[in-house]
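Listed below are the residues making up each chain.
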Amino acid sequence: MRVPVVLRVSLFALAVMGVYTYYANSIPQLQSKPPEELSLEGANVTADQLVKAGQELFKGKGVCEICHRIGQKGTRAPDLAGVGARAAKRVPGKTAKAYLIESLIEPTAYLVQGYPPIMPKVDKPPLALNRSEVWALTAFLESLGGQVTVKLDDIPRTVGGTGGGQAQVAELTLPGDPKAGQAVFMGKGACIACHKAGSIGASPVGPDLSQIAKIQTPQYIMAKILDPASMGTVAGYPRGVMPPTLGQTLTAKEYVDLVSFLLTLKGEAATAKK
Amino acid sequence: MVSFSTGKSSGIRRSGVFARQVAPAICSGVALLLLVHAIPALAQETTKAAPAYRAFPLVGSRLAVWAIAQIHLNFAAFILGVPIFAVIVEVMGMRARDPRYDWLAREFVKLVFAAFSTTALLGALLLFLFIGYYPKFWAYMTGIFYQTMWVYAILFFLETFTVYLWYYGWDWLSGRRKWIHLSLGILANIFGTAIMVISNSWVTFMTSPRGVDEAGNLTSLWQAINNYTWMPINIHRLLGNIVFGGTIAAAYAAFRFLSAKTHEERALYDWMGYIGNFVAISSLLVLPFAGYYLGREIYAFNQTMGITMMGGFMSWLWVLQAILIGVLFIGSNYYLWLGMERIPGAERYRKYIPYLIMVLAAGFLVWATPRSMVVTLQEARAMGGTHHPVLGFLGVMSAKNTAVNLMILTTFLSFLLYRRANRVSTRPWARVGMGLQWAIFGIAASIVTFYGVYGYFVESIVRIGFSVYQVLAVLGAITLVMAIDIPMFKGARSTGTIRWGQIPVRSQYVLILLAVTFTWLMGLMGFARSGIRQHWHVYGVMRDTSVDAVTPALGYAANVITTVTAIFFALVLFIFWLGTLGEKSKGARGLIPVVAGGSEER
Chain R
5 MRVPVVLRVS LFALAVMGVY TYYANSIPQL QSKPPEELSL EGANVTADQL VKAGQELFKG
65 KGVCEICHRI GQKGTRAPDL AGVGARAAKR VPGKTAKAYL IESLIEPTAY LVQGYPPIMP
125 KVDKPPLALN RSEVWALTAF LESLGGQVTV KLDDIPRTVG GTGGGQAQVA ELTLPGDPKA
185 GQAVFMGKGA CIACHKAGSI GASPVGPDLS QIAKIQTPQY IMAKILDPAS MGTVAGYPRG
245 VMPPTLGQTL TAKEYVDLVS FLLTLKGEAA TAKK
Chain H
342 MVSFSTGKSS GIRRSGVFAR QVAPAICSGV ALLLLVHAIP ALAQETTKAA PAYRAFPLVG
402 SRLAVWAIAQ IHLNFAAFIL GVPIFAVIVE VMGMRARDPR YDWLAREFVK LVFAAFSTTA
462 LLGALLLFLF IGYYPKFWAY MTGIFYQTMW VYAILFFLET FTVYLWYYGW DWLSGRRKWI
522 HLSLGILANI FGTAIMVISN SWVTFMTSPR GVDEAGNLTS LWQAINNYTW MPINIHRLLG
582 NIVFGGTIAA AYAAFRFLSA KTHEERALYD WMGYIGNFVA ISSLLVLPFA GYYLGREIYA
642 FNQTMGITMM GGFMSWLWVL QAILIGVLFI GSNYYLWLGM ERIPGAERYR KYIPYLIMVL
702 AAGFLVWATP RSMVVTLQEA RAMGGTHHPV LGFLGVMSAK NTAVNLMILT TFLSFLLYRR
762 ANRVSTRPWA RVGMGLQWAI FGIAASIVTF YGVYGYFVES IVRIGFSVYQ VLAVLGAITL
822 VMAIDIPMFK GARSTGTIRW GQIPVRSQYV LILLAVTFTW LMGLMGFARS GIRQHWHVYG
882 VMRDTSVDAV TPALGYAANV ITTVTAIFFA LVLFIFWLGT LGEKSKGARG LIPVVAGGSE
942 ER
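These protein sequence lines are chains R and H, in that order.
Whatever position you read off the first sequence (first residue = 1), add 4 for our numbering.
Whatever position you read off the second sequence (first residue = 1), add 341 for our numbering.
I should point out that these hints are in silico values taken from the structure, not numbers from a laboratory.
Glycine included, each C-beta is placed from N, C-alpha and C at the ideal position.
One or more hints might be untrue.
Partial selection, computed: residues in chain H whose CB lies under 10 Å from chain R [said to hold, decoys possible]:
#1 LEU599
#2 TYR640
#3 GLN644
#4 MET655
#5 TRP657
#6 LEU665
#7 PHE756
#8 TRP770
#9 VAL773
#10 MET775
#11 LEU777
#12 ALA780
#13 TYR850
#14 LEU854
#15 HIS876
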């Protein structure tokens with residue numbers, strides 16, 4: 005039986021594509037997931053936790069490993085082994101901590117000889133690390149041969165202030181009432197039992213939410229209320245404490261009001277008044 | 342010996358066909374214009390109330406947009422590439438005074454018609470998907486580019502009418518008015534290219550935005566258009582479209598060759614396949630240079646993006662790309678070598694083929710060798726690091742540039758041998774000319790190799806500049822060799838006529854392989870271009886916060902690309918089938934020029 009030409013040609017074309025597809029499926033499958041925001045502001049973290057968080061940022065969201073190696077000379081960027089101690093000797097009069105912070109947010113301020121000025125500002129898009137993340141990353145770099153001394157207050161308050169290129173998408177206008185949301189926060193939601201929000205609440209059980217609108221996306225806040233476990237736990241706080249039932253206990257209006265209230269928390273003292 | 346008959350249809354019948362084919366295009370154009378007119382208002386309404394994203398049923402919004410965008414792009418490349426191919430063939434016909442070329446050009450412009458309305462419909466569908474499922478993103482893009490969208494729609498009208506005039510005026514504008522006809526073809530391609538250039542500005546803005554402030558507000562429309570990757574993409578896509586047009590034309594010819602019932606038909610479609618492949622190879626030779634230009638501009642825009650693209654989660658993609666390009670180069674050469682079997686006198690050159698294969702295979706292996714791999718801990722331990730201790734040196738750009746330049750020189754040499762297969766130069770200076778040609782090849786290969794090796798001993802910033810010398814050496818060699826070759830073989834003695842149609846059947850499958858591979862490669866490069874933005878709609882300006890923000894792995898992408906490519910070819914096959922229906926209804930066997938026995942022409 006003679007196979008029609010159209011069938012032969014089609015089968016041949018499919019076989020060719022099949023080979024390419026098989027090969028593509030047989031090599032390591034690497035996805036690029038959107039990075040999660042790390043929030044440490046108001047958190048009670050130890051130096052070890054901070055270094056661990058910084059190391060994860062170094063390997064993950066910060067994509068530092070693409071150019072920098074630790075204990076191996078890179079062609080694009082310097083070897084960072086011992087940088088925690090070495091940093092103190094780079095610029096006269098500048099501490100290791102100050103040098104490292106400057107290297108992250110103003111990378112071209114001081115260049116290591118022999119390397120091109122290719123490093124992006126880590127707090128600007130597309131990396132857009134927030135203040136907590138720059139804090140953790142600095143701690144990790146300090147730990148490479150030096151002492152971890154960096155505090156959150158050492159990181160300039162302007163760091164990550166542009167919202168990480170989210171200007172367009174972060175402009176979320178909810179029909180909720182922030183005042184009513186504050187009442188939910190203090191009342192039915194019982195959030196105040198664990199969280200501080202500006203001048204209200206003082207409990208250290210959960211993270212301080214006084215700047216939550218500045219350091220987290222609206223999507224994160226909304227998802228965190230409905231499904232806290234899926235959004236991870238802020239470093240230094242116990243897992244599974246936040247109740248997963250708010251989605252059932254709050255009405256739709258209360259939920260929207262609560263989110264609207266949280267979106268007003270940008271660190272200014274007057275955002276939440278008793 | 343070529344006989345040619347022109348089928349003349351009545352004016353009434355022609356106007357009927359014109360009305361049938363033009364009407365849908367006009368309707369599509371009007372709809373597009375109305376839609377563009379409505380966009381700003383629509384977008385403003387959207388930003389007030391609509392969510393940032395909606396979920397497309399079953400497959401999700403990303404996959405829906407991806408699939409439709411890729412099919413649309415394939416069709417767009419088809420309707421842009423085939424007319425470029427047709428104009429090139431028409432020019433060849435004018436120069437050779439051979440009516441076969443004119444017939445071939447006309448055949449392909451005819452095929453473009455059905456694809457025209459399909460492309461417009463897919464474009465409209467893509468637009469609806471953006472408006473419906475990515476309203477916030479689309480509102481932002483419209484806010485930046487709405488003025489260019491008007492120009493896009495107007496150019497679409499101009500291109501449509503010019504192409505119709507070009508096709509339907511083929512007989513009317515023949516003879517002494519042929520130059521007007523050719524000008525129409527060129528004009529249609531200028532409009533088509535301008536359309537592509539405008540839409541490229543939207544796509545490239547997403548990758549390398551410019552002309553906006555930190556908050557994403559427009560500061561300069563021209564800068565937004567003329568962003569880092571705009572011009573490289575324009576050049577890359579223009580060349581890519583020519584290759585695509587050539588490979589599709591060649592695949593069509595292969596399909597008809599395999600279906601042919603008579604020797605004359607086989608002879609005709611063998612010749613058609615050769616012309617298609619010739620046009621494709623000519624453009625394919627310079628395509629890698631355009632690719633490097635694009636890569637360089639990506640690095641210039643943002644080092645992190647460039648490094649993520651080449652050494653990050655996408656590193657394996659380039660291994661796959663190298664395999665596909667290797668298939669294209671080796672396939673093109675193999676087709677030429679098979680074609681030489683039907684040329685008396687070509688036996689002289691058979692002895693060179695093993696050496697050519699060796700260079701191509703070595704180049705292919707070097708190009709397919711990765712440098713920075715994402716590997717498991719066990720693999721890294723086994724290799725002693727993320728780079729292989731020996732082969733890792735072949736993964737750097739010095740080696741890859743050297744490999745691809747030598748592969749291009751080799752392919753050009755194959756073409757040169759094919760070109761002179763049945764010719765013996767009668768020029769008294771032929772020996773000197775050939776000696777010069779070999780010397781030029783040797784010098785070019787030496788320059789390429791020298792800078793390739795030297796590149797290992799200098800800093801990266803210096804090394805990048807070496808690729809320019811390598812490219813210039815290869816392009817210079819091609820120009821000089823052809824400058825000697827053309828006069829050297831003018832009036833050459835023939836060793837026999839080409840036996841068109843007497844080519845092994847497997848050669849036709851090579852042509853289909855090239856078309857499928859190139860189309861698949863287009864899909865892969867589309868994924869690469871889009872994927873390097875990762876979780877950004879507009880890199881660094883507008884974050885993708887949808888549920889689809891994950892950039893999928895290569896396997897998933899390959900599944901999508903294969904499905905989309907299969908759908909595209911099914912639709913193209915349908916269009917080709919429509920073309921044959923037209924022939925049958927006209928009883929139009931007489932339209933086909935018969936290549937009897939053989940021909941001197943190549």
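Checked hints:
For LEU599 of chain H, the interface hint holds, the least distance from its beta-carbon to any beta-carbon of chain R being 5 Å, beneath 10 Å. Given the 10 Å rule on beta carbons, the hint for TYR640 of chain H holds: about 8 Å separates it from the nearest Cβ of chain R. Residue-level restraint check for GLN644 of chain H holds (minimum Cβ-Cβ distance to chain R is 4 Å; threshold 10 Å). At a threshold of 10 Å, the smallest CB-CB gap from MET655 of chain H to chain R is about 8 Å, leaving the interface hint in force.
Taking 10 Å as the C-beta contact cut-off toward chain R, the hint placing TRP657 of chain H at the interface holds, the least distance being around 5 Å. With 10 Å as the threshold, the beta carbon of LEU665 of chain H comes within range of chain R, its nearest partner Cβ sitting at about 7 Å, so the hint holds. Residue-level restraint check for PHE756 of chain H is violated (minimum Cβ-Cβ distance to chain R is 24 Å; threshold 10 Å). Annotation: TRP770 of chain H was flagged as interfacial toward chain R, and the flag is violated, the nearest CB pair being 46 Å apart, outside 10 Å.
For VAL773 of chain H, the shortest C-beta to C-beta distance to chain R is roughly 45 Å, which exceeds 10 Å, and the interface hint is violated. Here the hint on MET775 of chain H is broken, as its CB sits about 38 Å from the closest CB of chain R, past 10 Å. At about 41 Å, the closest approach between the beta carbon of LEU777 of chain H and any beta carbon in chain R exceeds 10 Å, and the interface hint on this residue is violated. The restraint placing ALA780 of chain H at the interface with chain R is violated, with a minimum CB-CB distance near 37 Å, outside the 10 Å limit.
Using the Cβ-Cβ criterion of 10 Å, the hint placing TYR850 of chain H at the interface with chain R is satisfied: the shortest such distance is roughly 6 Å. A hinted interface residue such as LEU854 of chain H counts as satisfied when its beta carbon comes closer than 10 Å to some beta carbon of chain R; here the least separation is about 6 Å, so the hint holds. Taking 10 Å as the C-beta cut-off, the interface hint given for HIS876 of chain H holds, the closest approach to chain R being about 4 Å.
In the structure shown, a violation is registered for the earlier hints numbered 7, 8, 9, 10, 11 and 12, in ascending order.
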